[in-house]
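There are 2 protein chains.
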Amino acid sequence: MSKMLQEIRDQPEALTQTLDDGVGSAAELRAHFEKRRPRLIVLVARGTSDNAAQFGRYLIEITTRIPVSLAAPSVLTLYGCPVDLHDVVVIGISQSGESTDTNAVLEDSRRRGAVTVGITNDPASAMADVVEFPVLIHAGAERSVAATKTYTCQLLALYLIAYALGGAIELAHLRKIPDWVRGVLTLEEDIEALVERYFFMSRAVTVGRGLNYANALEFGLKLMETCYVVAERFSAADLMHGPIALVERAFPVFVFAPAGVTWPSIAGVLDRLQELKAETLVITDPRNASAREKAARLIEIPESPGTGATPEDLYTPIPYIIPAQLFASHLAALKGLNPDLPRTLQKITRTL
Amino acid sequence: MSKMLQEIRDQPEALTQTLDDGVGSAAELRAHFEKRRPRLIVLVARGTSDNAAQFGRYLIEITTRIPVSLAAPSVLTLYGCPVDLHDVVVIGISQSGESTDTNAVLEDSRRRGAVTVGITNDPASAMADVVEFPVLIHAGAERSVAATKTYTCQLLALYLIAYALGGAIELAHLRKIPDWVRGVLTLEEDIEALVERYFFMSRAVTVGRGLNYANALEFGLKLMETCYVVAERFSAADLMHGPIALVERAFPVFVFAPAGVTWPSIAGVLDRLQELKAETLVITDPRNASAREKAARLIEIPESPGTGATPEDLYTPIPYIIPAQLFASHLAALKGLNPDLPRTLQKITRTL
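Chains A and B supply the protein sequences, listed in that same order.
Each residue of the first sequence is one higher than the last, beginning at 119 in my numbering.
Each residue of the second sequence is one higher than the last, beginning at 119 in my numbering.
The hints are simulated quantities; they were obtained by calculation from the structure and are not laboratory data.
Accuracy of the hints is not assured; some may be wrong.
[Stated by the list, open to error] So the derived label-pair ranges between C-beta atoms look like this:
| hint | chain 1 | residue 1 | chain 2 | residue 2 | range |
| --- | --- | --- | --- | --- | --- |
| 1 | A | 315 | B | 368 | 38 to 46 Å |
| 2 | B | 250 | A | 315 | 29 to 37 Å |
| 3 | B | 314 | A | 367 | 23 to 31 Å |
| 4 | B | 368 | A | 366 | 20 to 28 Å |
| 5 | B | 416 | A | 317 | 35 to 43 Å |
| 6 | A | 315 | B | 311 | 37 to 45 Å |
| 7 | B | 390 | A | 320 | 37 to 45 Å |
| 8 | A | 241 | B | 314 | 52 to 60 Å |
| 9 | B | 229 | A | 294 | 33 to 41 Å |
| 10 | A | 146 | B | 142 | 29 to 37 Å |
| 11 | A | 366 | B | 131 | 30 to 38 Å |
| 12 | B | 146 | A | 183 | 51 to 59 Å |
[What the hints assert, rightly or not] Which residues of chain A face chain B? A partial, calculated answer using Cβ under 7 Å:
| hint | residue |
| --- | --- |
| 13 | 185 |
| 14 | 195 |
| 15 | 201 |
| 16 | 303 |
| 17 | 315 |
| 18 | 317 |
| 19 | 318 |
| 20 | 342 |
| 21 | 362 |
| 22 | 380 |
| 23 | 458 |
Small disclaimer: the values here were computed from a predicted structure and weren't measured.
Where is the CB? At the ideal position from N, CA and C, for every residue including glycine.
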């Protein structure tokens, strides 16, 4: 068994530990932000962590209404132009805590007076040292180069930060996430059987919207780095602006389709894909029964995450990425590839 | 000849007209912003215009140090959560001025007190009506669904807005852009001959960084919508975080490589791609002679745009996209495809 698969299965425990430890830091941060509400949040990250940042951007804007910007680190690290940081919170995300450009932005931001927060898996990392408020995830050492458990723990940490920023995040719902994930993990055998069909897939499109857009980015990244499938990643809206032209009969399109405000937009895309006879694989849950008739193939996770939440899809992203992780891991295995050590990759990437 | 190709060739005139008319609006805006410096710029756009927005984000942060956020329209249009807009400028970009979600964000922002600016090609559009400050581009009617001249005119409008925001943009350099573009257009025959090699290409990667990252996004979009090539698009830094695993012997990678602060990072990527024996095609100019030895294939534009500017690559993005537009247009023609009317696409896409 690959380390990636083991780490996918480890997620319920990793999430539980991250939550148990994180609630305290979140309360401390919340007290801090109650005194002074930030006017802008800047998120800075690379790779899988940058996909987590995309989630954070939607989550924070939706639950707190504070505008969020995803930093372009090169503006500082290459062009040498630090942006104005008055009343700004800069949040770095890095599994290892050793991402060079992310840390450079955090260090510079802190020196210039921004509140700095760092989400990392390593309490002894440079990031934990550089920031004023480290928010540790407790995923345990991640040995596969393909990040899985650190991604979901980063999403969880972002819920805690949104809570700290005054967002309406219910801890009771967060506490259910590990069990939802356990439920999704029971689908592993079905997914293993399903991937057979995709053995020869060389290109694909992944689609999500709103809070699940990050999952489309992350699923695509996993397909690229572990299965060497060129997976172009879109929000449902952007797909319709041009790239839909790519899609022909039997073209594989992977779609995240929770119930809620994004569903009409996703449903419109699925209708179009059905006309084009695309090979859609839709990830959904029982609450969104209308997804069933629009999908060529379906992964329906057993329980509907966060029923009764506002917005309805608020707690779906962590459970929804699990089938995608299982899919990539099993497809890599089927293709005889080692997802733990993709060709030409290292675990820690240093860029400036 | 396709309308797309004609419109590519029309760009020197379109840019000249946009500049002639735009300098006045820019001066008016500059006077406005001198009285009150905004704390945050929010850019909102879709499709090709969203690629222009990516350019605007780097340009404005680098030249004015005001932080920039690329809006996720669904936060407002689907989730119904308007972000705080105190001292914020919201800039919409849309060729037609009829992009539903972009206009919804602008309308809501204006109602809540933000300064609103709209870059559009149609003075009679809803966008021109909705915003306080329309900045018109004068590209003439764009008849091809594949946007080309409106993209470069949008970039030009963004230079004018950066100038209006107090950025160190030299109008003398902007005035040279139409001639630089004319120079690049002389490469058309060479590019037409070059595309033969790419007849069977079904997947590719495009790479840029900093001010030319938007061009990587735009080149990829053109390859997708006009040639049906799945083109995954990366900043040089993000490519090294995972997706580099895709790249095998003879895998096509298109790279924007101007001289300046992004070159060491791009050079590192090219070195890695050379080891992997990838089929690189590098777009550069005579100022960056060191790009020559790192490229499998090269498009060297005749004149170095903006020599003496700070940063060095500040005026490269408009001339650099021209070879990419010619490439996509001629590859589509070679493949017997109609780039003016990609299958399943319409010129104006309405999304919420």
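Against the structure, the hints come out as follows:
Checked against the given bound of 38 to 46 Å, the beta carbons of residue 315 of chain A and residue 368 of chain B, roughly 27 Å apart, lie outside it. With their beta carbons about 53 Å apart, residue 250 of chain B and residue 315 of chain A fall outside the hinted range of 29 to 37 Å. For residue 314 of chain B paired with residue 367 of chain A, a C-beta distance near 27 Å keeps the hint of 23 to 31 Å intact. The hint said 20 to 28 Å for the Cβ distance between residue 368 of chain B and residue 366 of chain A, and at roughly 24 Å that hint holds.
Checked against the hint of 35 to 43 Å, the pair residue 416 of chain B and residue 317 of chain A passes, with Cβ atoms roughly 37 Å apart. A beta carbon spacing of about 41 Å between residue 315 of chain A and residue 311 of chain B agrees with the range 37 to 45 Å that was offered as a hint. Checking the proposed 37 to 45 Å range against residue 390 of chain B and residue 320 of chain A shows it is violated: the Cβ atoms sit about 22 Å from each other. Separation of residue 241 of chain A from residue 314 of chain B is about 56 Å and conforms to the stated range, judged on CB atoms against 52 to 60 Å.
Between residue 229 of chain B and residue 294 of chain A the C-beta distance comes to about 38 Å, which sits within the given range of 33 to 41 Å. The hinted range of 29 to 37 Å is not satisfied by residue 146 of chain A and residue 142 of chain B, whose Cβ atoms lie roughly 53 Å apart. Distance hint check: the CB atoms of residue 366 of chain A and residue 131 of chain B are about 37 Å apart, consistent with the given range 30 to 38 Å. A hinted range of 51 to 59 Å for the beta carbons of residue 146 of chain B and residue 183 of chain A is inconsistent with their spacing of about 31 Å.
This hint holds: residue 185 of chain A has a C-beta 4 Å from the nearest C-beta of chain B, less than the 7 Å allowed. With 7 Å as the threshold, the beta carbon of residue 195 of chain A stays out of range of chain B, its nearest partner Cβ sitting at about 9 Å, so the hint is violated. Given the 7 Å rule on beta carbons, the hint for residue 201 of chain A holds: about 4 Å separates it from the nearest Cβ of chain B. Because the beta carbon of residue 303 of chain A sits about 24 Å from the nearest beta carbon in chain B, more than 7 Å, this interface hint is broken.
For residue 315 of chain A, the suggested interface contact is broken, since its CB lies about 19 Å from the closest CB of chain B, more than 7 Å. A cut of 7 Å between beta carbons decides the hint on residue 317 of chain A: the least distance to chain B is about 17 Å, and the hint is violated. The beta carbon of residue 318 of chain A comes no nearer than 13 Å to any beta carbon in chain B, farther than 7 Å, and the hint placing it at the interface is violated. Hint status for residue 342 of chain A: holds, given a least beta-carbon distance of 5 Å to chain B, under 7 Å.
Interface restraint check for residue 362 of chain A: the shortest CB-CB distance to chain B comes to about 5 Å, inside 7 Å, so the restraint holds. For residue 380 of chain A, the interface hint holds, since its Cβ comes within 7 Å of a Cβ in chain B; the closest pair sits about 6 Å apart. Taking 7 Å as the C-beta cut-off, the interface hint given for residue 458 of chain A is violated, the closest approach to chain B being about 12 Å.
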